[in-house]
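Peer 1: Residue-level listing of the chains:
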Amino acid sequence: MNKVLDVNGLKVTFKSFDGDVQAVRGLDFYLNEKETLAIVGESGSGKSVTSQSIMRLISSPPGIVEGSIMFEEKDLNEVSEKEMESIRGKEISMIFQDPMTSLNPTMRIGRQITEGLIKHQNMTKKEAFNRALQLLKLVGIPDSEERIHQYAHQFSGGMRQRVVIAIALACNPKILVADEPTTALDVTIQAQILELMKDLQQKTGTSIILITHDLGVVAKAASRVAVMYSGKIVETGTVDEIFYEPKHPYTWGLLGSMPKLDGSKELLNAIPGTPPDLANPPKGCPFVTRCPYAMNICEERNPEYTTISDTHKSACWLQERLAPDVEPPQDIFIRREDHAR
Amino acid sequence: MIRFLLKRFGYMLLSFIIIISLTFFLMKLAPGGPFTSEENLPKEIEEKLNETYGLNDPWYKQYANYLGSIAKWDLGDSFKSRGQSINDIINRSFPISLILGFEAILIALSLGVLLGVIGALRHNKAPDYVAMSVAIFGISVPSFILATVLQYVFALKLGWFPVARFESFTHTILPALALSFMPMAFIARLMRTSMLEVMNQDYVKMAKAKGMQSKVVVFRHLLRNAIMPVVSFLGPLVVQILTGSFIIENIFGIPGLGFEYLTSITNRDYTAIMGITAFFSILLLVSILLVDLLYGFIDPRIKVGKKEAH
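These protein sequence lines map, in sequence, to chains A and B. Each residue of the first sequence is one higher than the one before, counting from 1 in our numbering. Each residue of the second sequence is one higher than the one before, counting from 1 in our numbering.
Everything labelled a hint here was simulated from the structure, so no lab data went into it. We treat Cβ as the ideally placed atom computed from N, Cα and C, and that holds for glycine. Be careful, since some hints might not be right.
As the list claims (entries may be wrong) - A partial selection of chain A residues facing chain B, derived with a Cβ cut-off under 7 Å:
{"hint": "1", "residue": "K11"}
{"hint": "2", "residue": "F14"}
{"hint": "3", "residue": "P105"}
{"hint": "4", "residue": "H153"}
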């Protein structure tokens, strides 16, 4: 399989008066053709910063982005702003979290779709308009001939996200970065939007980076998963590997905090504690203070990745030969079946 | 829309009647009369003058006459400048104020928006500090001081512009500048704040993510969304600039409407005061209506005269 995106040593630091905040601290990941990579993690783990640094939307100052983001032999962190403009929206598109705020309130929906087409595909206004109409039909907006002339406030949340998807897919991008595309939507609409994204992916062959904190979404939509914690990827693998053979205690915690759907009344599980302050990142494993299996070494040194299979890696000292055997809590495995449905 | 306009006109008429009534009674309450300043006026003559101008009538009769004349828009003759009707005065001097005010608003709006945009785009950098220093200067320095400084520097010392009077386009530049400075500074600050807020909106990031050039993002996506506070300010501004011209017109010796208004007040020229006040209030009411219509035009979320569909 071909890699369409290869990120190495990505670091994002924000300068502030209180010192530097290291939001992303050395990420390596790649994206294969036509696959969906889910980046999972709790709030503040650096997911959104990662997605915005791929699009180079981190404003500098205060943000500093280091490392390489290879896309078609080009390092997106190095190319000129002009070249980046011709990549954004054409080769790599983005969907934002909140469809209520990601559409311009004073511009007609049609114009918001056509402006990218006119710029990137050299279409005339008429051609772009027809294509926009086609796109609105594709994302399932009824009465699109009428809707194309309307403004964002005349659309419901789910319909707006469909419009946003239409805008993102207008130029058939190779990569779609979806930053929590369903978080702001009703649960019923969430499923529709995920279905739509999957469907469109099959039609267009776009690779998707799906940023989310919802493992249910991951189970439904992703083929590979990277679990992020405090600016690092702690475990990465295929969906099956992450759900059936998770190796990192943080992943166990995430899986354990999904609600059970078998009707049993239980309190929602949470991982106790809070993530470390990224203005002063710890020198050892960032999860040590919240990890029930923490050992002495965990505080001293940050674990390297242990390769478990070609696709599966975990950064945890428990994978070390000398570490005691620890079995993950058994009840985390019941849940995946529920959520994949 | 037509129903909305009719309703608005109804309210405007009501406000108008309240304004002119208040003016009438306040003026009656003020001590003295139009002829008190004339020295040693024989009693009989003063009596005769009051008789001629209807000042001896009971107040309700005067009030009714006054409302009647406003309704016909025949504002009567000036007490002081013999043979001149108030309509003549307004027709002669308003175009002058209008030209001056229009120039000032144009300068204030274009420079103000420009400074605000520069300030926001170069937030917390040198251009921002320069723009905001200009703005603070403009807000703190009163227009009459600025006017005299402009006269001194550009007319007396450099001789680029005439000092005073109103004869050609070059005569209008200094007074228009003096008049525009305060509102320009205010608009710059409004625009900067509003731009900074809009710049952090997701749809601006989205526009960038579509691959739009920064200048396209600014012109197509930012400006229209950020200009609303400036538009709200525009209604009162039109009036503020016309009233502000009382002072500026006096300093530059321009025979505009503000100049006439001020003279009429010091002279207690009843018909002139009331006529010009009535004219100013119509101007204010109409400009507020225009601003409201402009809102709906700029931001489609504001539907003028229509109940929201959902």
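Peer 1: Against each hint, give a clear statement of whether it holds in the structure.
Peer 2: So, going through the hints one by one against the coordinates:
{"no.": "1", "hint": "K11", "in the structure": "violated, 21 Å"}
{"no.": "2", "hint": "F14", "in the structure": "violated, 15 Å"}
{"no.": "3", "hint": "P105", "in the structure": "holds, 6 Å"}
{"no.": "4", "hint": "H153", "in the structure": "holds, 5 Å"}
Of the hints listed earlier, those the structure fails to meet are numbers 1, 2, in rising order.
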